[in-house]
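Residue numbers (the working numbering), protein chains in the order written: chain A, 98 to 256; chain B, 76 to 778.
Keep in mind the hints are simulated off the structure, nothing from the lab. This structure is a prediction, so every number in the text was calculated from the model and none was measured. Please note that a few of the clues may not be correct.
Each pair of labels, with its calculated beta carbon distance range [unchecked claim]:
#, chain 1, residue 1, chain 2, residue 2, range
1, B, Gly581, A, Lys203, 33 to 39 Å
2, A, Lys197, B, Asp655, 28 to 34 Å
3, A, Ala219, B, Gln385, 57 to 63 Å
Ideal Cβ positions, reconstructed from N, Cα and C, are used throughout, including at glycine.
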Amino acid sequence: MLKFHNFDIVFAEVPDEVTLAINITGCPNHCPGCHSPHLQQDTGNPLDDNALAELLTLYTNDITCVCFMGGDAEPQEVERLALFAREKFPRIKTAWYSGKPTISDKIAITSFNYIKIGGYNAAYGPLNKPTTNQRLYRIEENCTEDITSRFWKNNLNFS
Amino acid sequence: MGISEIRIVKRDGSKEPFSIEKIKYAVRKAFLSVGSYTTDEDLAGVLSRVHVADGMSVEEIQNQVEVALMAERYYTVAKNYMLYRQKHSEDREDREKLNFLVSYCDASNAASGSKYDANANVEKKNIATLIGELPKSNFIRLNRRLLTDRLKELYGKEFSDKYLHLLTNHFIYKNDETSMANYCASITMYPWLLNGTMSVGGNSKAPTNLKSFCGGFVNMVFIVSSMLSGACATPEFLMYMNYFIEKEYGEDYYKRADEIVDLSVKKRTIKKVVEDCFQQVVYSINQPSGARNFQAVFWNISYYDKYYFQSIFGEFYFPDGSQPHWESLSWLQKAFMKWFNKERTKAVLTFPVETMALLTENGDVKDEDWGNFTAEMYSEGHSFFTYISDNADSLASCCRLRNEIQDNGFSYTLGAGGVSTGSKSVLTINLNRCIQYAVKNNMHYLTYLESIVDTVHKVQIGYNENLKNLQEKGMLPLFDAGYINIDRQYLTVGVNGLVEAAEFLGIEINDNPKYAEFVQNVLGLIEKYNKKYRTKDMMFNCEMIPAENVGVKHAKWDREDGFVVPRDCYNSYFYVVEDDSLNIIDKFRLHGRKYIAHLTGGSALHANLESHLTKEQYRQLIRVAAHEGCNYFTFNIPNTICNDCNHIDKRYLTECPVCHSKNVDYLTRVIGYMKRVSNFSAARQEEATRRFYASEKQFVLDI
Chain A
98 MLKFHNFDIV
108 FAEVPDEVTL
118 AINITGCPNH
128 CPGCHSPHLQ
138 QDTGNPLDDN
148 ALAELLTLYT
158 NDITCVCFMG
168 GDAEPQEVER
178 LALFAREKFP
188 RIKTAWYSGK
198 PTISDKIAIT
208 SFNYIKIGGY
218 NAAYGPLNKP
228 TTNQRLYRIE
238 ENCTEDITSR
248 FWKNNLNFS
Chain B
76 MGISEIRIVK
86 RDGSKEPFSI
96 EKIKYAVRKA
106 FLSVGSYTTD
116 EDLAGVLSRV
126 HVADGMSVEE
136 IQNQVEVALM
146 AERYYTVAKN
156 YMLYRQKHSE
166 DREDREKLNF
176 LVSYCDASNA
186 ASGSKYDANA
196 NVEKKNIATL
206 IGELPKSNFI
216 RLNRRLLTDR
226 LKELYGKEFS
236 DKYLHLLTNH
246 FIYKNDETSM
256 ANYCASITMY
266 PWLLNGTMSV
276 GGNSKAPTNL
286 KSFCGGFVNM
296 VFIVSSMLSG
306 ACATPEFLMY
316 MNYFIEKEYG
326 EDYYKRADEI
336 VDLSVKKRTI
346 KKVVEDCFQQ
356 VVYSINQPSG
366 ARNFQAVFWN
376 ISYYDKYYFQ
386 SIFGEFYFPD
396 GSQPHWESLS
406 WLQKAFMKWF
416 NKERTKAVLT
426 FPVETMALLT
436 ENGDVKDEDW
446 GNFTAEMYSE
456 GHSFFTYISD
466 NADSLASCCR
476 LRNEIQDNGF
486 SYTLGAGGVS
496 TGSKSVLTIN
506 LNRCIQYAVK
516 NNMHYLTYLE
526 SIVDTVHKVQ
536 IGYNENLKNL
546 QEKGMLPLFD
556 AGYINIDRQY
566 LTVGVNGLVE
576 AAEFLGIEIN
586 DNPKYAEFVQ
596 NVLGLIEKYN
606 KKYRTKDMMF
616 NCEMIPAENV
626 GVKHAKWDRE
636 DGFVVPRDCY
646 NSYFYVVEDD
656 SLNIIDKFRL
666 HGRKYIAHLT
676 GGSALHANLE
686 SHLTKEQYRQ
696 LIRVAAHEGC
706 NYFTFNIPNT
716 ICNDCNHIDK
726 RYLTECPVCH
736 SKNVDYLTRV
746 IGYMKRVSNF
756 SAARQEEATR
766 RFYASEKQFV
776 LDI
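Pulled out of the complex, with its shape left as it was, chain A reads as follows (with noise of 0.2 Å):
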């Protein structure tokens, strides 16, 4: 059973959509310099399939995308959670920020259009940092597109 801390509308960590982020808690990385210890910590209201309806239920319209933010301790679980909103909210994306370096092979990555992978390390730099170990990808049916670099640069482009 997974449990998360908090929710919130998030623009930053899935390029081009309306995001609604959840915490979850229980994270096993342990990264050194991690900037969210809390959610190491077995915390929070039980993430099942009625809390993620509610939740999808109260921003229906007006969410893209919904992202799990964590939950390495049970990946299999995260991916049935994916798969029951993309049931239940067709319209809605899902997107899964995992901490591990690689996704387990139990899990089939097209059940997510959009996965991040690797851990904090602070001698390569977040995510907005070129030289960042970690990797977000969008994935399309026969095909998965390094998306990383759209965080590298400025947004703002007059035409």
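Since the structure of chain A is already known, use the hints to place chain B on it.
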């Protein structure tokens, strides 16, 4: 209580122990002034008639002395005593003015120095702004007198006294009391197109070509603004400019924008000629204006999507019988926005305040092209308002005021009916004080509020009578010449302290049934009275006023008088600005149909973001606005301006990206327009820093 324990209140509000010797001294002096000495008997007679209680003011005691001297039949002594008091009060006034002058000169900026009307629309303080500031107290007195005289005539002295009581005790607030002119107007330029500015006191003839249009337009806006205390909106600016460009370069000019049309060595293209026109008009209007106390005039313009355009200008004919063309206007609107956005990286250009009007249908904008363009402009960092509506039956052209369109018809003397609107005067209810007062006195807050709302309407009727009187005497040429239609101008009931009042009642400020009911009850009550007092030539609307300085004043006064005041500036929104538990969609929802239904005069959501979004994300937020029924909004990302090299960056930075100085200031949209944060009054600057910007940092990228 012994006499030694009695404390009296001095004019500066401080208290001191009562001293009978001071009264004796004053009475003796008054007797001496008529050449006689006071006997103990005289003194005892006068003093026996004076009753001093704890907490009494010096004024009250002196009034009693006056009455006592007359009752004891010392008439000439009483007269001299009164003259002496009068002379002292005049001296005090001069002294206050001098003190004000000195502190204004010492203040850090013009808005902090201003005593009556902290307005960030003044960049610098100087002798011209000081000249504008000094007579403000006299204007307040004169305006109050004009209004109370009218109220006495209409409803009797008791009512007039009630108004003054509510005003001086800060239950209500009269906006713009320092000016004589009516508030703001969205004008039709048709009379100018027909007759030039002669009919409003200018000396220019009707514009005949692009050059005379641009020059004449600037003069016309200055003339109009000098007769208004607030904003002047010209929703037809670009449409008229388009007409003159077409006359000069042909109806298909926009298809030949790169064609060189200038014989000078500069070889300007049509596009460059048009941009030079933008430059001339925009830079001229952003100059401080002598007629407005060295403030720039407050200028607003509108953009339309295809459907709004058809609805408002579908029946429009220029005096030569031609009609406006959508394709070229659409090009010109886009060209102006792009140019203005770019120009704002070179100079702080406050005006025009721009509003994009988009028609919506089934939860999205109907005109896909303009919906996308709106998102594109936000993503390029441009700052402007968007107004959306399922019907083109209303327009927000006045930077904050939204107005029902009374008549979309066209007239050959006045032009398009839909654009002529505005607010004659704003009278604001301090909801936090009213509701707390009611609860403390065991009244239902709606019962008490009803009497306040009724009073406010009657006062506005009094104001309207005075305005009609001014018009009859030929003092309002804007009305006579048809620039403004008095019947389409609203009398506005403002509200402030709504959120704070709900908090006092223990209601949570988020989207919940209790809060929605509270908002609907309060604003519904005002709307009920707006309808009740409406006549065929008098309309009312209700607006949540932007609390640039009123919110700060109310918080201060209410705190001093012992009311519960949770923050230093009352909110101008339906949510608590610093509440970080609300996300951006919650805020759109709190400015959505459930909450704004009765707010006929509008309130714009200022969605504060820490950094810019992508075009797709803004596009989705426009859909969010349509879903939630939030009809008026803008996005606020502080721009950074370097105090050392003057570079302007549309991002929120702590260091200048050009010269790497950390001496930076921010431009933000606190009221309706972009200004340096350091130009706001001290209290308002605090609000700007406290304001919660939806942060990307909560979910930092480096998980």
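Original post:
Against which earlier hints does the structure fall short, listed by number upward?
Top reply: Violated: hint 1 alone.
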